[in-house]
Amino acid sequence: MTTAKTDEVVKEQPAPATPSDQRERDRMRRRLARRRGGGWWPYAFLAPWFIGLFGLTIYPMLDSLYLSFTDFDLLTPAQWVGMDNYNKMFTDDPVFWDSVHATLLYVVVSVPLKLALALGVAMLLNRDLKGIGLYRAAFYLPSLLGGAVAIAIVWRQVFGGDGLFNDFLAWFGIKGQDWISSPDTALYTLILLAVWQFGTPMVIFLAGLKQLPKDVYEAAAIDGATPITRFFKITLPLLTPIVFFNVVLQIIDAFKTFTPAFVISNGSGGPLNSTMLYSLYLYKKGFTDLQMGYASALAWVLFLVIAGFTAVNFIASRYWVHYDD
Amino acid sequence: MGHQISRRTLLRTTSGIAVAGALGSALSACSGGTGAGSTSSDLTMIWWGSDDRHAAYKKALAAFQKKNSKIKIRETYSGYDGYFDKFNTNIAGGSAPDLLQMDTALVAQYARKGVLAPIDSYVGKSLDLTGFSKTLLAAGTVDGKLYGVPSGIGVNQLTVNRTGLEKLGLKLPDREWTWADLKKISQDVYKKSGGKIYGVDDGGGSTLQCFEVFAREKGETFFSDDGKKLGFTPATLQEWWEFWADMRKANASPPPAITSAAHNDLTKNAVVIGKALFSFDSGIYGAGGSITDAQLDFLPTPQGDWSGAREGNFVNGGVLLSATKASKKVADSVKIMSFFAQDETAIKDMQLLRGIPPTEKARNLIASGLTPTDKLNMENADYISQRVGKATNALPAPVPPPQGADQIWDLLFQSNLAVAFGKKSIKGQLGEFFDQASGILGG
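Top to bottom, those sequences are chains A and B.
In terms of numbering that gives the first Met the number 0, the first sequence is residues 0 to 324.
In terms of numbering that gives the first Met the number 0, the second sequence is residues 0 to 442.
These are computed hints drawn from the structure, not numbers from a lab.
What follows is a set of in silico ranges between Cβ atoms, one per label pair, in the way DEER data are often shown:
id, chain 1, residue 1, chain 2, residue 2, range
1, A, 111, B, 170, 58 to 64 Å
2, B, 263, A, 224, 55 to 61 Å
3, B, 421, A, 144, 34 to 40 Å
4, B, 170, A, 183, 37 to 43 Å
Just so we're clear, the structure is a prediction, and the values are computed from it rather than from any experiment.
Cβ coordinates follow ideal geometry from the N, Cα and C atoms, glycine included.
Only chain B is shown next, with the shape it has when bound in the complex:
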């Protein structure tokens, strides 16, 4: 998709030689020096996304350069797959980009390692953050310093194939729905479709969009505040896995082979291939596939119905724009961040491609030009952020995830799969999960 050499090609070039090749992959990064350093005086900017997002970024950057002809920007973009692998390699090789799109889930890790530049000193000068709420800026704030400008509001929501639902004569659930409602309607989907479609993709191993909300309903977090431990109890996870085991048994969720195939591959997502109507994966909107002609709709993560439920939803910051510490062009990078945050043309070019815009002004700017699906998406996000804002019993938004978080998420996914494939009992897997998780976080 992008213009960059993928890690596949990188590895193919090192896998040719007999034994040395076995070491090649590990060595090529350590030796450094051979990578293409940023010798030109251009400002390099990288991002990941869909083709739509690439086009929008390019258009907005062209507008920026018209006004700032002195700053030359070299754009590099790709899909998410391999994006951070490449970034890591560039950092290690001394050829870091100046400006990058950053993941809210990883910003703390990179900030603490000293990769990102703190940008507090620019705020109110060249960086105009008027209209950004404090909770939103928290997504880019690590240990009290600002390391990135959030692109918009990110919420956890389900993507629903509304056309498919209506075809089966079913109604879109109310936004105040519960986990039990989810089970009920998913079973209805299976029955009404004659066993062809399961209701919701298996969320037992899905983290951010799903389990974290459930844990927060119980007053627990995913990670402890210091990031050195898990913030939830085995009992909570057990209850969770039992719910999904029950869902699979009731044909409310697809069998594990379908779940497994969708790992790291949105095009195989159960909703995309037409095997389910509800998905916890927020990435499928715009990912294409067989649902492009269906009308999509959006719902907040269900809540309640299980004892002790409180508001589990929360709002985070979409994606971020961050500058690297090694860069000599932080000031210029900040100008670009500010442009994306406030400039009218940039906001209109981006629409919802980086999340729901962060400021009231920006939301009003794009409101008239939205597609029907975009409109639904924004309405739902608005609803969730208002509900979270009003909730009196909600936990504060989660702290930025610690290093090793992505390994834990993967572990959760694999664990749920092991149970689903019948390779492990829930109790047995529970022990292994907590063992391995503490190994990852502790060491």
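Next comes chain A alone, as it looks inside the complex:
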């Protein structure tokens, strides 16, 4: 890909430039730019994007940073309280810790399972079968639907006390329970839902697998390497940049999970806060309990935690990610 780009650039410059040519051309370009009115108009075209960036991202972020130091109930003006929100969060809010616990468990269990499944399926789909496109689409489908409220509602029905999953277990003579409303299992139904949506990392893995050099595998086959050896000695090491990319993205995604937890628990985060994922708690504090200042503080802590995890990922990647060059 990089070589293709250089080719294009070379085409635009017809002759090899001598230093004096170069100077002459620069002067021309500056003169042209001036005649066009100082080059402000490209910015006019970019204005909608700038307005979006500052109006919808930068300004709200700074505003929320300010609000995180206030007591703000949405209805009356915000009152400056300094670090109170942050203090309360860490010292005097058991539900905060419940939500941290649920979220970490969710991230730590769902991300590796999801990636392992994605890689496994990607390997299965990385061959020239008849109708392979159809299979790929079929496996990707859950991810298209995944974020939808409808799927979360389906999930609630499937794992409820009289749901499909228990009907399925009944075939084997196992008496199920209400998985969604038991505090020991509720979070795992959410994790299962997350793992089921392995389509996006799978597609990325598939693209990575396609790029692996065939000759290395041929050489290994001649040397008598078993498929397992080939996987661990060739595929996985060559794929580490892709794995890294997926790990970073999926961790960020998992930290932000909201919709399934909200829908499956009816917005309660229950039973016993077992599905109180962090984003859901943040939402509840802001919009239900009218503590928008506190919710803003929660949002900033989440932001910092995600940034921290991502930084750690990048630092650790030096030790296990292998790039070609």
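Add chain B to chain A, keeping to what the hints say.
Just chain B, lined up with the frame of chain A:
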């Protein structure tokens, strides 16, 4: 159900972007300005309810507009779920509705925050409240000012699946029943149904309809008068939780998974799914589900039998209609309130959909057209309000709940569940409950 964007959709639109998305949900409300302000000159009115209530409101409002063609009304309605979240967001974004259906449990909170418009000055002029009792108007009165017109009488009552009860050969308990009677008949239900049906849904975490009545029997209130503390003692709550632990052990009440599933979801209520015959949740009447073909009946919350019992029941105001302070159309909103309170067609359209009508005149108007279940419902409410009126030892009706009340109710529910799931002992949870409650009310 309604026409409005739910909070789910609102959040889905903000959850797309990687890290910014994490903040999105919190930010979208603070930045404001992007919401659809009420630019039109229509009067906006919002309410929550069932489909039946939506239809009734629309019909009554159409009748109103026939007589007041100058006032154009834009109607927005939804289920209760998310209703106040959206209202909060609208207020913060400067696009508050002009007129809204308000919850008696929340009116004080919004009135004190300056969201609602006081309407005393209209009473006797454009607002006709003839026939409203003083105790009823108290439901809309905060710090001496009227902030909402009650739609009717609300009482705490149990909904009973009478068909199911009769099928098991059991008789509907007498209205003068006790907590011990409740236990007895619930156990009978379990036995006679061959262990298929528990008697009553778990009330250990149920607040308004249940524990509050019990606390009042002991001369205690749920919240202190100033709203800064709880009004009941740990001993009372302990006794209460022990009663329900006993109920679960005796199979008089269903196991916690069933109780937990019904949280915020009436369609999973133990009576609706056929796992119990008695429910403290007054919302299930009309919520549909598997009981629609059963004949329902109603009973007051049990009382007495435990030492020191006095009349614990009380009467409150159903739902309210309130105007917002930011609105420029308070006068028009008041006209609509008055219409709902007094107009014959509106009263007939509404029937019992907003509670038992507030005035004698209104009750007589609808009496002939009621369904059998509605009739039973009204009879029971009449009975309770008369009993409360006659009681000499009853506490005055509770003060409007303070800010954070809904968090306390949720805490009570979760605490009972923690005990039921065996995650906490009653004693241990008791300490946590009072700790956290004082944190919520104090800060």
